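Enquirer: In order, the protein sequences belong to chains D and R. No gaps in the numbering here: position 263 of the first sequence is 263 in the numbering used here, and each next residue is one more. No gaps in the numbering here: position 31 of the second sequence is 31 in the numbering used here, and each next residue is one more.
Keep in mind that the hints were calculated from the coordinates and are not lab data. All values reported here derive from a predicted model rather than from experimental measurement. Keep in mind that a hint or two might mislead.
[Unchecked claim] DSS-like mimics (lysine-lysine), calculated; alpha carbons at most 27 Å apart, straight line:
1. D:LYS79 / D:LYS69
2. D:LYS212 / D:LYS247
3. D:LYS23 / R:LYS180
4. D:LYS27 / R:LYS180
5. R:LYS60 / R:LYS47
6. D:LYS212 / D:LYS69
[Said to hold, decoys possible] A few chain R residues that face chain D, going by a derived Cβ cut-off under 7 Å, partial list only:
7. ILE26
8. SER156
9. ALA167
C-beta atoms are modelled at their ideal positions from N, C-alpha and C, and glycine is treated no differently.
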Amino acid sequence: MRISLPFSKARKQSAARTPGSSKLRRKETLTFWAFIGPNLLLFAVFTFWPLVASGSWSFVRWDLISPTKTWVGLGNYRKMLDDPVFWKVVRNTLWVGASALVIRTPLALVLAVLLNRRLPGSQVFRAIIFSPRFTNKIAMAMVWAWIFDGQFGLLRAPLDLLGLTSPDWLLDTTWALPAVIIVLTWSGLGYAMVIFLSGLQSIPPVLYEAAKVDGASEWVLFSRITMPMISPTTFFVMITSVIGALKVFAIPNILTDGGPLWSSATYLLYLYDNAFNWFKVGYGSALAVVLFLFILLITFVQNRLSKRWVHYN
Amino acid sequence: MSHTSWSNSRWTSRLGTAVAFVAVAIAAILIGLPFFWMVTTALKDWKEVMIFPPVWFPAKPQWQNFSVAWQQEPFGRYYVNSTITMVSGTIAEVLIAIFSAYALARIQYRHREAVFLVILAAMMIPSQMSLIPNYVTTYRLGWIDTYMGLVVPSVSSVFGTFLLRQAFMSMSPELFDAAKIDGAGHLYSLFGIAMPLATPVIATLTLYLASAKWNHYLWPLIVTNSRNMRTLPLGLAWLSREGEYGEVGEQHKMAAVLIVLIPMFVIYFLAQKQLIEGISAGALKG
Numbered sequence: 001m002r003i004s005l006p007f008s009k010a011r012k013q014s015a016a017r018t019p020g021s022s023k024l025r026r027k028e029t030l031t032f033w034a035f036i037g038p039n040l041l042l043f044a045v046f047t048f049w050p051l052v053a054s055g056s057w058s059f060v061r062w063d064l065i066s067p068t069k070t071w072v073g074l075g076n077y078r079k080m081l082d083d084p085v086f087w088k089v090v091r092n093t094l095w096v097g098a099s100a101l102v103i104r105t106p107l108a109l110v111l112a113v114l115l116n117r118r119l120p121g122s123q124v125f126r127a128i129i130f131s132p133r134f135t136n137k138i139a140m141a142m143v144w145a146w147i148f149d150g151q152f153g154l155l156r157a158p159l160d161l162l163g164l165t166s167p168d169w170l171l172d173t174t175w176a177l178p179a180v181i182i183v184l185t186w187s188g189l190g191y192a193m194v195i196f197l198s199g200l201q202s203i204p205p206v207l208y209e210a211a212k213v214d215g216a217s218e219w220v221l222f223s224r225i226t227m228p229m230i231s232p233t234t235f236f237v238m239i240t241s242v243i244g245a246l247k248v249f250a251i252p253n254i255l256t257d258g259g260p261l262w263s264s265a266t267y268l269l270y271l272y273d274n275a276f277n278w279f280k281v282g283y284g285s286a287l288a289v290v291l292f293l294f295i296l297l298i299t300f301v302q303n304r305l306s307k308r309w310v311h312y313n
Numbered sequence: 001m002s003h004t005s006w007s008n009s010r011w012t013s014r015l016g017t018a019v020a021f022v023a024v025a026i027a028a029i030l031i032g033l034p035f036f037w038m039v040t041t042a043l044k045d046w047k048e049v050m051i052f053p054p055v056w057f058p059a060k061p062q063w064q065n066f067s068v069a070w071q072q073e074p075f076g077r078y079y080v081n082s083t084i085t086m087v088s089g090t091i092a093e094v095l096i097a098i099f100s101a102y103a104l105a106r107i108q109y110r111h112r113e114a115v116f117l118v119i120l121a122a123m124m125i126p127s128q129m130s131l132i133p134n135y136v137t138t139y140r141l142g143w144i145d146t147y148m149g150l151v152v153p154s155v156s157s158v159f160g161t162f163l164l165r166q167a168f169m170s171m172s173p174e175l176f177d178a179a180k181i182d183g184a185g186h187l188y189s190l191f192g193i194a195m196p197l198a199t200p201v202i203a204t205l206t207l208y209l210a211s212a213k214w215n216h217y218l219w220p221l222i223v224t225n226s227r228n229m230r231t232l233p234l235g236l237a238w239l240s241r242e243g244e245y246g247e248v249g250e251q252h253k254m255a256a257v258l259i260v261l262i263p264m265f266v267i268y269f270l271a272q273k274q275l276i277e278g279i280s281a282g283a284l285k286g
């Protein structure tokens, strides 16, 4: 994420402002606030206040209905440390993030590199591979729940051919999380691929032509030009993969609702259950604070690492 | 370079293209397969559904599956709810983005950059963090189970503001200066000059927001109680759970899924290029 800040430009423009136009300036200021006011008000109410509220509610016990909140200090955070389900969902979420890093990202990169060769029908392929991103997640999860059906599911067919017994994916503590990960990989692959494709297309073709004249092989072209040149894109995809794992909700909610026995529950699912099914606002808020801190940490690490490792031209 | 080695390298390049084509085609088939399975299942008789090994095509398409699915849940009402939520939310957010972006790009104000930094900071706070407090706020405003509650908490704009601010800043200042000399105000500059020039960006943003709002699940799940206020994704979710009691067959569920997806497929088919490019541009810029 690179955002150009307008400081220098604004300075120049304000220097050119005619003197003695304080009335005009006041009018400009009023217009400015009128234009941006609604957005800022919405941020104040629905983004910044929630940060403060979540922070303070994480120190209380509250059921959302009763008028009083009971101060418990660090109680909710201490409870988190002793809560086996919390650690379970953290582990599951890490698995989801790891799968995005080691399965989805490389697959997306390979597909993008292949599609970038100006294949016949590449527009059609791109549209098909991207389409899950655009499809309603509830609808996709329902189709996959049917595919995973242990008795009549489509996935049983290839497993039968290989002589394997199909597990009852969504009802099996071992296989429920892999099932969720399969669907997440399927649905997120196209998005990552499209991001990689636009990264690949921004590489100047001159670089390849020069290397080809020197007789470089395809592998050399890939490892010496493509990989370094798209490293910012790769980094972006990796970071969004990890943060994305924390935001997974709809697909496990429909496929397994986190079950059986929390085996496929992700972080946000547990937060939702605490806050809105069990009305444990304090504990839910503490979970939200931890989620926020984790995302801050990742962003901080991203900033640090990207300066050191990533090649920006 | 001799003639043979030249044709040789062209041959390897062709082979490479062929291998790439096959690999990409396999990936596309695997990714498209669930969609295919959804369509054929929706047209099957229950005897063709509850069978193994699976039957690929129904002997006779069972079109009545769609009317059965339609009656399982008030999908007409859900369509209305989803449409109202999406249209009003998208219009509101696009307008908010346009006005904010214009202010940040084209109005002289001393603390403009500070305001911009505040909006930048809002981007750092994930919406998941705000779920509980926003539920409480919505409740206190009396907006539970209302369109206001569905729409308003998610119409503030960071992404769109960025995108449009960038577009407005890249426009040449002379365009605006001429209008200013003629005595035109900011509203004219915005709607007469900046907006028409930014039409492609606004169109992309509108499509992107509309599809995101149409597919919203978690917030509507939290903020609605009554069946009457459910949106389409919620309706589907309820149907998928009802199915567990065996009254609704998989063929009906898949028919319902198709009822919900077909309008989106049409839009995707028509605007696929803009959507994909808009999303990738947004990811790299925002």
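Enquirer: Against this structure, judge whether each hint is valid.
Expert: Here is what the structure says about each hint:
no.	hint	result
1	D:LYS79 / D:LYS69	17 Å, holds
2	D:LYS212 / D:LYS247	44 Å, violated
3	D:LYS23 / R:LYS180	16 Å, holds
4	D:LYS27 / R:LYS180	14 Å, holds
5	R:LYS60 / R:LYS47	12 Å, holds
6	D:LYS212 / D:LYS69	70 Å, violated
7	ILE26	10 Å, violated
8	SER156	4 Å, holds
9	ALA167	13 Å, violated
In the structure shown, a violation is registered for the earlier hints numbered 2, 6, 7, 9, in ascending order.
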